[in-house]
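The two chains are supplied separately, each in an independent frame; assemble them into the complex guided by the hints.
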Amino acid sequence: MGEQRAPGSARAGDPEGSRIRKGAGLGAPGVIAVTGLGTFLGRGVVERLLARSSELRVVGLDHRHPFRLDDRVRFHRIDLTEPTADSRLAEILRRERAEALVHAAFRSRPTPDLEMDHELETIGSLHVMNACAAAKVKRLVLASSTMLYGPYPDNPNFLSESHRLRGHPHAHCVQNRVEAESLLAEWRERYPDTEVTVLRPCWIMGPRHWDHVTGYFSLPVVPKVMGYDPLLQFVHEEDCLHAFERATLAPHPGVFNVVGRGVLPLSTLLRLAGKRPLSLPGPLLHRMASYPTQAQTGDPPSAFYDYLRYLWVADGQRGWEAFGEPTYTTKEAWISFVSSRRMRRYR
Amino acid sequence: MAEDTPLNPGAPGSDPELDELRDALDALRSQIRSRFPVPRERRAGPPDWEGLFRELRRRLSTLGMIERSGEVDEFGMDEVVLRRARPLLEFLAERYWRLEVDGLERLPEKGPCLVVANRSGLLPYDGLVLAQVIERARPLAERPRFFVADWLITLPFVQPYLARLGGVRACRENAERLLGAGRFVIAFPEGAKGATKVFRERYRIQRFGRGGVVRIALERRVPLIPVGIVGAEEAHPVLFKWNAPGRRLGLPFLPVTPTFPLLGPLGLLPLPAKWVMRIGEALPLDHLEPDAADDELLISRLTADLRERIQGLVDEGLSQRESIWG
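Chains as they are written, first to last, in our numbering: chain D, 30 to 376; chain Y, 55 to 380.
Okay, chain Y solo, but in the shape it has when bound (with noise of 0.2 Å):
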């Protein structure tokens, strides 16, 4: 322990070269302390109630994600608006939805690659989510982008953020320039017929639209993995549909959730449900031949394959569930 006495520093003097690489110390942190501002002080007194009201107006004006970055990519997504959204979006996943999933190995290292999935609630929650899973899970691609029903993306209020979020209008054209681009695109060939089913009819996967998704896999050669999730349609149970008051907003229906119409906005957040989400198996399309697209047979026939696929995943992924919410 006798070593430990050079090192003490309350022993001054007793070694002039270490006194002297005090000082030097010293000196430099003060130098470096000159550099940087200092913090204010918490003052006692009156607050400062003119800066206090500047601050909450600033809060207030930019309440509604006016704080986003000057320059969106093509299809309108904002980085910025995409930053602040991600803590969020990871917080509704992991800990809000407990979300579980399943087979992320069965994803391509990357684009372009067409993820088919079940849509259900009514709100895009599933795909954002689904888009967020596979950012993380293969952060050097691109952050995939899901496909909206026309209906949803041009709703008002709703269309801005869901632009901003990544969310593109569902048509053939998109579909080619993002793939085209080689990122992952995340479909839902339900449609409008997934996202406004009633609850009775839940995870009762509907017809698979005109067999575009699987037609633009075989001209493209891209990927198609089918998704499974399980627990987007307690979200937003939709008990039953209200044609005449929706008509009037521009809606096909007024969905009728326990809590939507009854506590306002307030109705809109989705319920805290157990997630699971399973990624199956591509749907090998490599031994088809070059033409196999002009083949409408063949592409009704690998649609409903698809959506069989689709239905099984579900399947699994609500036996996996002991209940809705655990």
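Next comes chain D alone, as it looks inside the complex (with noise of 0.2 Å):
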């Protein structure tokens, strides 16, 4: 059915080009769709694939249209939480003949909807990966994050790609895309033709990058945990983009650390930024911050501030191998984030 003259080909892109590629196998795919078009990673990968090439065809994949979506990219509206949700997208892969999928479509910020997330994030990574399957789709790229190792007084102080994940018992978020990659691992093994790339990046900051951890770093007071530095590690955002576009247009299977060189105390990043500290007793901030992160994020707070007690430093020289040296360090990242949200007081 899907065979019949691809709506695609016909119009937008550059369907000799997709078809001359697609001989080659799995070296650079003509057809790429991306999930998560509003996050910003679906965003940034669509962008950096859009300025790349004109021969490459982009599908975007949302529950609803983002604002100002380039004319290039075929958006088609799907939402991951509904239970039909793998045939439909098998069927939108299928006629667009996608060869690669980059799959981002998770919360940049926990919400107190526990049940949703885990539609959206554990079962709609399923629907994706069930819907790659029946398409016959290449490639398949997943936005994962360091945080899924979880912060623990045991971690080693550079954690491989092969530490088990072990996630954070409070953090929701955490747990269903610790459940969502078991399930990448298990499919993988069933359908050994698909490559199958799992990025991790640790916190990102840049210029345009927003979430819950950014937001945390963006109060005037900025709440830690009285009596620990951990050290933290941060990836800029171009470094990240760059590290999705290259597992994207080439193979690189395997699991990677996106991650920026160095490491520095939360101190001293809040002394770089300027920004007054609240250092507050671990059991009075869990008080005190109970209800509102309640509220906000649907989990107790050590769910968060955790990752502010104890070490979850990735090592990424893996990544750094696979897709090149990272522009930015951990602190140029950081001075990056601080200087383009005119956060720096000068005191």
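It should be emphasised that the hints constitute simulated quantities derived from the structure, not laboratory data.
No experiment lies behind these values; they were computed from the predicted model shown.
Check before you lean on any hint, since a few could be wrong.
[Unchecked claim] Subject to a maximum C-alpha distance of 25 Å in a straight line, what follows is the list of computed SDA-like cross-link-like pairs (lysine to any residue):
#1 304(D) to 204(Y)
#2 167(D) to 106(D)
#3 304(D) to 125(Y)
#4 253(D) to 125(Y)
#5 164(Y) to 277(Y)
#6 247(Y) to 184(D)
#7 253(D) to 379(Y)
#8 253(D) to 302(Y)
#9 253(D) to 190(D)
#10 304(D) to 210(D)
#11 247(Y) to 361(Y)
#12 251(Y) to 379(Y)
#13 253(D) to 204(Y)
#14 253(D) to 209(Y)
#15 251(Y) to 304(D)
#16 251(Y) to 164(Y)
#17 253(D) to 124(Y)
#18 164(Y) to 235(Y)
#19 328(Y) to 370(Y)
#20 247(Y) to 182(D)
[Claimed, not checked] Sample of chain D residues with no beta-carbon within 12 Å of chain Y, all distances over it, derived:
#21 69
#22 105
#23 144
#24 151
#25 199
#26 216
#27 223
#28 240
#29 245
#30 248
#31 255
#32 340
#33 342
#34 351
#35 368
Quick reminder that beta carbons are idealized off the backbone N, C-alpha and C, glycines included.
Right under this line is the structure:
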């Protein structure tokens, strides 16, 4: 059914280019689907792919039409939380002849709607995987996070990709994504023909990126746990998007941490930003922040503040070898974020 | 003595050339002086209260080691904090504990090298001092890192300082990374058992973990140097362990030393015992086969051997010392 005259090839893009490339197998894909067009990563990857070459055809998928979408993107509305989203998505992918898919439809900040988050992040990912298998998509790129390793006192200073994903018991979004990754690991064994790339960026910093982490760091007074000063690492948004672009266009099967070089203690970061930290003893902080964070994220405060207590720095060597040296170090990424938000206060 | 007269400034006009030279020198001096800021003169009169207050506030706000660099290395060591801490460490080692070190020549010229010592005292003064000693003896190598047990590296208020001073959580991954970078690594395989033993059991070396130290040395083929440290036990003599309040604070127990809960935070200051450090011969590993790291029996035998060597070094150190204090 979907074989008759793919609607995409009649119009936008460059059908010839994609058809020629298609014969090349797993080289550079001609048609790339991106889920989560409204998220920072989805939008950024699409922008980069379009800027890179006019031969690429980009299919955008999201549950609502993003504001200011490039004309060259072929947009399809799809809600991954629907029970039949997988067959609909498979139909779209088959019709568009998508060869690669970037799955970035994840919440940038957790919501109190725990069930909805689970439906979107875990079940939605499952739908995407099943649709990829049905539509015989050749490459799947999953946006994950180093937060999935979880902050634990017994973490080594540098977590490698093979380290167990322990997540955080209270952070429901992290747990959902851990579950999605374990589903993907099973799926990869069942469909060995599809190249699977999992990219785990750490906290992304930059002028345009916005999520609950940057929101926290933009607070006028930054609350932190007294007596703890963990090492943190960041990746700049451009480096992160660069890694996603490279992973989409060239074969890089496997799991990669996407992090910047260097680490900095939290207190030094706040000093560099000229911010005033508010150090509170752990129990007091948890009690004070309990209701606000439950209302905002649906999790107790430890779900976030544990990441500012214990170490969860990832080893980026593998990612640097695969995608090239990042242009920004942790410190430069932080400075870029700080200066773009005009939050430096000179004292 | 007649030659002295031309140099004598008390006779002007005796030699026009010398006068000329003197004038030129004066001009040069005044030129040089004008380039430097004039030292502020001590003013008589009312003191500058505002300036004093500002200075006091600055000192207070920088009290918590906030004066640190904007960069740390990958394990969180801060060169600026270390530079400020070094004189204090030197003072502690040289004057306060009157440290004696034997066998420094047995350390290899450069890393990677695994230095294994007995752990004693609650706070890791032994690691800090041993790192300082090795750094002084081998200035070309990078500063050694010392391993810290989990419970200490996650202890609030202790963790930030330990990391900045070069403490690293003791685990296999960190050891491999540090040795791979060619560093000296100081390990205390007794772990928490060593740090928390009570005074009655002093200088009795506990079981050595699960042989991880020897295994890593075999895999990486790095020299394994035993070190016996005497004196750190008396820095914090733990009389007994008090379990109930410690658990409430998130500690395994609350240590009771002659000074600690009694004098509050002041009780955390170490006592001025006499320290002796004895560095032993490297454990011979060269004759072993390349797959020796898989031989569990060999590893446990070597671990026991290492433990005995360190016990021997400690016993020698104890007999070298006349009393705890001298």
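Hint check results:
1. 304(D) to 204(Y): Violated: residue 304(D) and residue 204(Y) sit about 30 Å apart, past 25 Å.
2. 167(D) to 106(D): Roughly 22 Å between the alpha carbons, so the hint for residue 167(D) and residue 106(D) holds.
3. 304(D) to 125(Y): Distance of about 17 Å is within 25 Å: holds.
4. 253(D) to 125(Y): OK: residue 253(D) and residue 125(Y) at ~20 Å, within 25 Å.
5. 164(Y) to 277(Y): The given pair, whose Cα atoms are some 11 Å apart, holds under the 25 Å limit.
6. 247(Y) to 184(D): 21 Å, holds
7. 253(D) to 379(Y): Violated: residue 253(D) and residue 379(Y) sit about 43 Å apart, past 25 Å.
8. 253(D) to 302(Y): Within the cut-off at roughly 21 Å; holds.
9. 253(D) to 190(D): Measuring from Cα to Cα gives roughly 28 Å; hence the hint is violated.
10. 304(D) to 210(D): Violated: residue 304(D) and residue 210(D) sit about 36 Å apart, past 25 Å.
11. 247(Y) to 361(Y): 14 Å, holds
12. 251(Y) to 379(Y): 21 Å, holds
13. 253(D) to 204(Y): The hint holds at about 22 Å.
14. 253(D) to 209(Y): 16 Å, holds
15. 251(Y) to 304(D): Distance ~43 Å between residue 251(Y) and residue 304(D) Cα, so the pair is violated.
16. 251(Y) to 164(Y): 33 Å, violated
17. 253(D) to 124(Y): 19 Å, holds
18. 164(Y) to 235(Y): 11 Å, holds
19. 328(Y) to 370(Y): 14 Å, holds
20. 247(Y) to 182(D): 18 Å, holds
21. 69: 27 Å, holds
22. 105: 44 Å, holds
23. 144: Residue 144(D) clear of chain Y: closest Cβ-Cβ about 34 Å, beyond 12 Å.
24. 151: 29 Å, holds
25. 199: Label holds. Min Cβ-Cβ 18 Å, cutoff 12 Å.
26. 216: Nearest chain Y Cβ is 29 Å from residue 216(D), so the label holds.
27. 223: Residue 223(D) clear of chain Y: closest Cβ-Cβ about 31 Å, beyond 12 Å.
28. 240: At roughly 25 Å from the nearest Cβ of chain Y, residue 240(D) sits farther out than 12 Å, so the non-interface label holds.
29. 245: 20 Å, holds
30. 248: 20 Å, holds
31. 255: 7 Å, violated
32. 340: Residue 340(D) is in fact no farther than 12 Å from some Cβ atom of chain Y, at 8 Å.
33. 342: Violated: least Cβ distance 8 Å, not greater than 12 Å.
34. 351: Correct as stated: the minimum Cβ-Cβ distance to chain Y is 20 Å, above 12 Å.
35. 368: The claim stands: residue 368(D) keeps its Cβ more than 12 Å from every Cβ of chain Y (closest is about 15 Å).
The structure does not agree with the numbered hints 1, 7, 9, 10, 15, 16, 31, 32 and 33 stated previously, though it agrees with the rest.
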